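*Asks:* Sequence:
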Amino acid sequence: MATTKSDLIHTLTSRGYLHQCTDLAGLDEKAASVIVTGYIGFDATADSLHIGHLVQIMMLRRLQQAGHRPIALMGGGTTKIGDPSGRDETRALLDNAAIDSNIAKIQETFDRFLTFGGTGKTDAILANNAEWLDKLEYIPFLRDIGRHFTVNKMLTMDSVKLRLDREQPLTFLEFNYMILQGYDFVELYRRHGCTLQLGGSDQWGNIVQGVDLGRRIAGAELFGFTTPLIMTSSGQKMGKSVSGAVWLGAHRLAPYDYYQFWRNTEDGDVGRFMKLFTDLPLDEIARYEALQGAEINEGKKKLAFEATALLHGREAAEAAAETARKTFEEGAAGDALPTVTAAATTSVMGKLNASIGGSPLITPRITVFLNLLDPLIQLGFAASKGEVRRHIASGAVRIENEKVTDENYQFIRENAMEGELKISMGKKRHGIIKWKAIK
RNA sequence: GGAGGGGUGGCCGAGCGGUCAAUGGCACCAGACUGUAAAUCUGGCGGGUUCGCCCUACGAAGGUUCAAAUCCUUCCCCCUCCA
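Under the working numbering, read the first sequence as residues 1116 to 1554, first letter to last.
Please keep in mind that the hints were generated in silico from the structure rather than gathered at the bench.
It should be emphasised that the depicted structure is a prediction, and the values quoted were computed from it without experimental measurement.
Ideal Cβ placement from N, Cα and C applies to all residues, glycine included.
Just so you know, not all the hints are guaranteed correct.
Within a straight-line C-alpha distance of at most 27 Å, the following computed DSS-like cross-link-like pairs (lysine-lysine) qualify [unchecked claim]: (1) Lys1518 - Lys1549; (2) Lys1543 - Lys1352; (3) Lys1518 - Lys1537; (4) Lys1543 - Lys1500; (5) Lys1542 - Lys1441; (6) Lys1120 - Lys1236; (7) Lys1268 - Lys1220; (8) Lys1542 - Lys1352; (9) Lys1542 - Lys1500; (10) Lys1236 - Lys1268; (11) Lys1352 - Lys1416; (12) Lys1416 - Lys1390; (13) Lys1537 - Lys1549; (14) Lys1416 - Lys1236.
Using C-beta positions, here's what the derived DEER-type ranges look like [stated by the list, open to error]: (15) Ile1492 - Arg1258: 55 to 63 Å; (16) Arg1262 - Leu1133: 27 to 35 Å; (17) Glu1246 - Asp1122: 39 to 47 Å.
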């Protein structure tokens, strides 16, 4: 649309969140005049959300920033059933306690992006569909809700059609997902006056079903809005850091690693990601987008800092940025690097002394690893000793920036007595070994 | 219920008695080049190792054989067609 009436739609469209909307002009109109309550559903299968959820979380944030009310809906009910899509085996179903504890953890992430509170008109709400799904009775549900869905239409939904076309099995359980999700929307409309459902592009079919259902059984005018699937400019799905999956929970991924994930953004993605994942104003983003060649790294630092500050706070972001600067620009070691602490007993010292030809170089009770293999594994840089050996052979492992060529490298007094050593594997992964004496 | 096809490493997919820890592709990791980017090229990619080997693995359990992912038996699961 050429012009927008509401801040909400203006922001969402200008920052790149719009993929499809059931009635953009109508939603714009509404958002310009009243407080809109909108929701997004999240699974509760893990105790942390990940980078793939971030666009959705940011949309809830935009909603609130524009003076509306966001609802984060946890799928406490649907998680109990277990989403069978893309699974070969039935996975162990989570019990209530596990789901509740996951939800509690996940809420910590929402707290970073949204303002809860419960009293203000735009305070965010954390809802849980277990509240109503658990109580459903099959026959009444079929009569009240099921009759509004035709199998004919359900069969045309992409999620269903793709599976059928690929001759993949689709269980009746999965087939019911869109109905449950549609019902969630209606329930949120009834409870909280929620009239907008946001989601990823893969949710479009389910969202539209909810909009239809709301009109039929509640006479409500509901809106659906989806985001594009966020890919990197080289066509990859985003979501990998050197430490693995990009979790949002600090207990799963350290702020430093989160910062590094953003720091390694591809050139072509900096501006787009700034719009989506930071609060930086568009004109400032435009200045970063104009940078050429290696200068774009300034943009990446800004992006990494802002994104990390949103999730983990400015202090953690500053620490991460400083550690990254020390590590990559000075070749030193920053405080936020992952650390292993090792302890050695006198018997280990004896073994060590023997292994280096009996020279008693080590004072008792200094703490040592006998080799380099274990600390690298403990830091999560490698999964097995064999992998570390291969990496040493290929020259990827360094201690204090000195390449290690001997896979049987032994720590001895000269290189251990500092108490702290920087060890690196590859160019991206750096960590610290600390020695600690024990009795 | 009947007939056929199939279950192989993170995924796809070869192999169909020994030379198979298992071709190839994707993904992933590392090296080179760079800008902590992309692309490209090179190497690696079950675990342990005293580097001799030793474990574990081709849906599950038994069996045949000097030797099985490969043959036989039973079981489990998936797909297609027919009823």
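*Asks:* Any hints this thing doesn't respect? Which numbers, in order?
*Replies:* 7, 10, 14 and 17
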